[in-house]
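K.L.:
Hints are included, so try docking the two chains, each in its own frame, into the full complex.
Listed here are the chains, written in short residue letters.
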Amino acid sequence: NAGVTQTPKFQVLKTGQSMTLQCAQDMNHEYMSWYRQDPGMGLRLIHYSVGAGITDQGEVPNGYNVSRSTTEDFPLRLLSAAPSQTSVYFCASSYSSGQDNEKLFFGSGTQLSVL
Amino acid sequence: KNEVEQSPQNLTAQEGEFITINCSYSVGISALHWLQQHPGGGIVSLFMLSSGKKKHGRLIATINIQEKHSSLHITASHPRDSAVYICAVHSLRDDKIIFGKGTRLHILP
Chain W
1 NAGVTQTPKF
11 QVLKTGQSMT
21 LQCAQDMNHE
31 YMSWYRQDPG
41 MGLRLIHYSV
51 GAGITDQGEV
61 PNGYNVSRST
71 TEDFPLRLLS
81 AAPSQTSVYF
91 CASSYSSGQD
101 NEKLFFGSGT
111 QLSVL
Chain A
1001 KNEVEQSPQN
1011 LTAQEGEFIT
1021 INCSYSVGIS
1031 ALHWLQQHPG
1041 GGIVSLFMLS
1051 SGKKKHGRLI
1061 ATINIQEKHS
1071 SLHITASHPR
1081 DSAVYICAVH
1091 SLRDDKIIFG
1101 KGTRLHILP
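Which chain is which? The protein sequence lines are W and A, in order.
Using my numbering, you'd call the opening residue of the first sequence number 1 and step up by one each time.
Using my numbering, you'd call the opening residue of the second sequence number 1001 and step up by one each time.
Only chain A is shown next, with the shape it has when bound in the complex (with noise of 0.2 Å):
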């Protein structure tokens, strides 16, 4: 089992709809990232937390210690989201960060 689980793998909505990509990880972390990759393009990092929320934008992201789970939310979403979002955290273990697989967002105009 991976330690970093997203879902889903691939969303398709349409413009302006509300997009939640979920993460749950099973190790102890110290931070968790949210980053986007355009296709073809390099890796952005969007959020770093480590508790709360966050906001920036049409973006919010979300995390749960206990639960071991965090959310990436986009309001009223557009096709220039279209990308693949990636969670990764970092591990209080061995100090490695470790990578969802990521989901694949398409947003219809």
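This is chain W alone, in the form it adopts within the complex (with noise of 0.2 Å):
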């Protein structure tokens, strides 16, 4: 198994411009999530997944979108960068909520720089 893959590592956009973040994940995990994390701030959860063809808002999903076409992949879409958005992003996931021993499984992250 992968677990959670996650790229690009690094990326650096400029102003308007939009880019993909792609998260595959090969444990069948019904959860997946996109975070957000900024120095003070913790992990800030932009969407959320519990299924395929399910999605959901967290906290901070302006400029942001995101489907799930199939349980192994969720894509992150900002769709029109802006500086604010200059950030480190990673993408989770888990079995569903609360099942015994279900750890919660992170890619690698994505520092992202928008000039």
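It should be emphasised that the hints constitute simulated quantities derived from the structure, not laboratory data.
These figures come from a predicted structure and were not determined experimentally.
Some clues are possibly wrong.
Label pairs and their calculated CB-CB ranges [stated by the list, open to error]: (1) W:MET19 - A:GLY1040: 16 to 24 Å; (2) A:HIS1069 - W:ARG77: 19 to 27 Å; (3) A:SER1050 - W:ARG44: 19 to 27 Å; (4) A:ASN1010 - W:THR70: 36 to 44 Å; (5) W:VAL88 - A:ASN1002: 13 to 21 Å; (6) A:PRO1039 - W:ALA2: 36 to 44 Å; (7) W:SER113 - A:GLN1014: 33 to 41 Å; (8) A:ASN1022 - W:GLY40: 38 to 46 Å; (9) W:GLY40 - A:LEU1108: 35 to 43 Å; (10) A:LYS1054 - W:LYS14: 43 to 51 Å.
Here a beta-carbon is modelled for each residue, glycine too, at the ideal position from N, C-alpha and C.
P.N.:
And the structure:
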């Protein structure tokens, strides 16, 4: 098993550009989510999904889109990048909430800079 | 007020000391996670708790559902334990995972 694969690791964008952060897991997890991590703020939820075809907004969804067409993939799209979106992004997955012994698995992170 | 509060925010201790990090939450939960993040590194899951206590090596995690409180203990701390420790809860209300801001631990040799 590869776990959670997140790409790219680093990205520099100009204001107004669009891009997609990829997240894939091979553990058949129902739950997938995207977070951004900023200094002093901790991890903040952008969007999440409890299964294929189902997505919902988190704490900071503006400027981001997601889709969940398959169980394995959960891409995050920045529609028109802004400097305020400079951050480190993490994708995570797990089995359904609350199942015993089911940990959260994280991707390795994407460091995004918007100039 | 944050729904997940961790204390302390920062902790510096000598090698060998017993470490306790606390997490309090205000929502109904189905599970609580303890995570570890080394500087510049990824995030690793240490424990998932829905009740009671779990132990893995020198790490012990406990949860009191009635009091909405969890603790992470590190026995015989070592400089390699230096990291940020993050508490996260899986909310029953909306299935979201809510994170604390983390505790930055520094163990001095």
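K.L.:
What are the numbers of the hints that this structure violates, sorted from low to high?
P.N.:
2, 6, 8 and 9
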